[in-house]
Amino acid sequence: MNHHEKRDFQAGLEAEVDAFMRGETTRRTFITRFGQMTGMLAASGPILAMMTDWALAQQKLELADAASPLGQAQAAAMKASMEGPADGSAFRAVEAAKAHSGVTLNMTYEAGLQALDPRNFSGPMWEQLTGMKSNVVELSNPDQYSKAVAEHIAGSGAYDVLDISPAWTPSLADGGVIAPLDDYIAKYMNPADLEDYHPLYKALPTYKGKIWGFFDDGDMFALYYRKDIFEDPKMVEAYQAKFNAKLAPPKTWEEYAQIAQFITDQMAPNVYGAGHFRKAGSPGNQFDFLQQYRANGGKLFGDDMKAGLVSDAGVKTLQNMIAANAASIPGNNELDAVSLWAAFLTGKVAMIYSWPPSGRMAANYSQSATAINFIPQSQIAGKVGYAVVPGNPEHATGYNKALSADSANPEAAYLFMQWACSPPVSLARCMLPYALRDPYRISHFKSELYGALFPSAKEYLSNLNNSANVGLLDPIMPGAQDYFLSIDRMCTAVWAGADPKASLETAAAEWNETTDRLGVDSQKAFYTEFLKLPGATADNTVEKLGMSVTL
Amino acid sequence: MQHTATISRLKAAGAPPRLSGFAQWADRHFKWLLVAPAVLLILALSVYPLLFSLVVSFINYDFQVPGHAFVGLKNFERVVFDPVARWSLLLTAWLSGISVAIEFVLGLLVALTMVRSFPGRGVIMSILIVPLFISPVIVGQAWTLLLQRPFGPTNYILTQLLGQEVTIGWMTESPWLYVSLIIADVWQWTPFMFVILLAGLTAIPPNLYEAAELDGVNAWQAFWAITLPHLAPMMLLALTFRLLDAIRMFDTIFIMTGGGPGTRTYTASYYLYTVGFTQFHLSQATAGSWLFLIFTALVVMLLVRRLLKTEPV
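Note that the protein sequences, when read in sequence, are chains A and B. Using the working numbering, read the first sequence as starting at 116 and increasing by one per residue. Using the working numbering, read the second sequence as starting at 148 and increasing by one per residue.
Check each hint, because a few of them may be wrong.
Listed next, the in silico DSS-like pairs over lysine-lysine satisfying Cα-Cα at most 25 Å (straight line) [unchecked claim]: (1) A:325 with A:647; (2) B:158 with A:121; (3) B:221 with A:639; (4) A:498 with A:561; (5) B:221 with A:421; (6) A:659 with A:366; (7) A:325 with A:639; (8) A:323 with A:647; (9) A:498 with A:349.
Keep in mind the hints are simulated off the structure, nothing from the lab.
Make a model of the complete structure from these sequences and hints.
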């Protein structure tokens, strides 16, 4: 060691000894502290999660003014749950659920407005009635499928109650992700409450003879039009002069495009005849094509399960849709559902067909909730009429409540489902201004309280019921997402100028590839099951089966 | 003398505590213990998912088809023979190339303007780099609000400026939908180019310009002879980073066009997202990701090689 090295060594040693004497950090204290820190970090996750759960579970029950129709419906739901009638599904569910007090139910809901119901109303009320807590897991619509499957594969038991699209029922049931409810129904439910479902919706959760959930959201498309324009004597006269016909809500798709063009010609740029949500990825294209295509006599699949899209019905449907687009508000093909609502509510559009919240928004009822204030105030309240969509309207997706097969508390989860979907509780949920849950029970359509929500609510309910009588269901089979995506791509390509026939061929090829991938025989079996449902085809609607509901 | 003093001080402090067997082991392997958490974290969060994704790309992992059977190269084959996949790769190269080229030119121009000091320079620079801090989703939404008919003001403003009615479908009509996507990307990422190039410009010794001025060199000659050679490594760095980011373009497309009309605005990332999370064909999406990774790696290799060559020895 030379002189420099010795000096450096000495200096280093001195520094270390001094640090040791001063009690400064050594390796050992560093390791100890590092271990403590790691431990704290590891513990902080669960602690934070517990605090989050606690904070969310403690949300207060939000009740409307007791004198309002909603307040009365909420009070009736509470009364039915606490006092009965003793054979009511709500009462029986609450009585049985008290044995599960303290259990926390994990429930998936579509993120946003849909999740406000269990957070602000049904979750806290259920906790108040039974002592059961709820944890709402908000997911995007595709994730409501994929997460449920992923957690099932992982066997995590992360969810107890699943909100699922009816189209997913066969694959989730066959995959063991959801459990059948038949035994629980036999044990706890009043059978009359099953009969209270509108016939279009009643069979939706049924698959291979078993019940895999409770239908919980009547997403029926309906036509909303400006009565003041349709009843304007000048417009009526001009229409009569031009077409020798009365200006009235359209009964066919050709008539729809003709009326839309007439109004645009007469009133643009102040008001345009129609508007549609046609943006790529917005589900309007798939729903609209499916309803018009089937109303035009189109078949989804042939006997060999080859796509039936390339047909006269397919070409006619796209041509009708192109004509309607041409008669619509500028930017029609760029609109999503919310933009379309904005256009209608601000009075720029005379006709739209969309989901049931359209009617509640047009009457300015929904906008009474701050959660939905991103929708403009309606400038057309009191001027809106309701009609059935020409031909057959689409029941555009909807929701089933399903029981997770991996739930650690299946009975408790089932009891919540039965309670939430029971007639009095589901009515109060559907009446929440911010809720996107739409009426689906016969008792909802007949409800005096719902009918008092806004001046034209009774007509609105009647139209939803009439629409369900002739409504068509989305295909319920595996691969539905793929089939829908192909339709969306096909439509948007056509809106951008692609040839309709060639686009139909491309979509048909994609459908065939999807069918081949999933297995032709297997898909045929699913499709055959689907065709048994009322509303599967235009020849098989509730009305044509003689099961129409008259209010 | 000093050694004796140190030893006596250590003696006065008392004998060090006796170490347990574990403590001795920990003492011996201290360096490994220090890196172990990081290594474990990398293994758990990076290596394991990577290997798992490789496995997934050779099996059936589809939320609609039960079971995980080995399918060989089927997933890769589906991607390679999918015309939408091929188109999305082409569009990715095209869109990212054009966007980055425009961002580079604009970024360089702004950097050259801002390199000299002038009143208000600090405020202008702060405003210029604001888009960098905005989420691409918000950028997409903001441009949608500006461009979407019938509510966006763009066509109205153009109509007023041009004196004739403008009815462009900015997000549904070719070629305007590509123009819209490029505008949104350029608006957000030009500041990135500007910041890096400005740093490069300020690092060029000013005496070079002073000497050039004494030699009678004009501004254009100074740019070619001094600025460009000195800035070249920074330019390549900026282009490399930006290009690597641009080929992952997804958010603005998701918000502005939803991939449409048809599949016209499907980039590679959007294609993989659709296959994986709209159609739930996870194994096909994973196989596609591997193919995309290979293409990206090739681009990275080329650019990094070029970058290393420009480094001074």
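Now the hints, each set against the structure:
1. Between residue 325 of chain A and residue 647 of chain A, the direct Cα distance comes to roughly 14 Å. Compliance with the 25 Å bound is thereby established for this hinted pair.
2. Distance check on the hinted pair: residue 158 of chain B and residue 121 of chain A sit about 22 Å apart at the alpha-carbon level, within 25 Å; holds.
3. As the CA atoms of residue 221 of chain B and residue 639 of chain A are separated by approximately 24 Å, the hinted pair is consistent with the 25 Å bound.
4. Taken as a hint, the residue 498 of chain A and residue 561 of chain A pair is honoured in the structure, with Cα atoms around 23 Å apart against an allowance of 25 Å.
5. A hinted pair counts as satisfied when its Cα atoms are at most 25 Å apart, and residue 221 of chain B with residue 421 of chain A qualifies at roughly 22 Å.
6. In summary, the hint linking residue 659 of chain A to residue 366 of chain A is supported, as the alpha carbons are separated by about 17 Å, within the 25 Å threshold.
7. Of the supplied pair hints, the one linking residue 325 of chain A and residue 639 of chain A holds, its CA atoms being roughly 19 Å apart against a limit of 25 Å.
8. The hinted pair formed by residue 323 of chain A and residue 647 of chain A meets the criterion: a straight-line CA distance of about 11 Å does not exceed 25 Å.
9. Pair hint residue 498 of chain A plus residue 349 of chain A holds up; C-alpha atoms about 17 Å apart against a cutoff of 25 Å.
Checked against the numbered hints given earlier, the structure satisfies every one of them.
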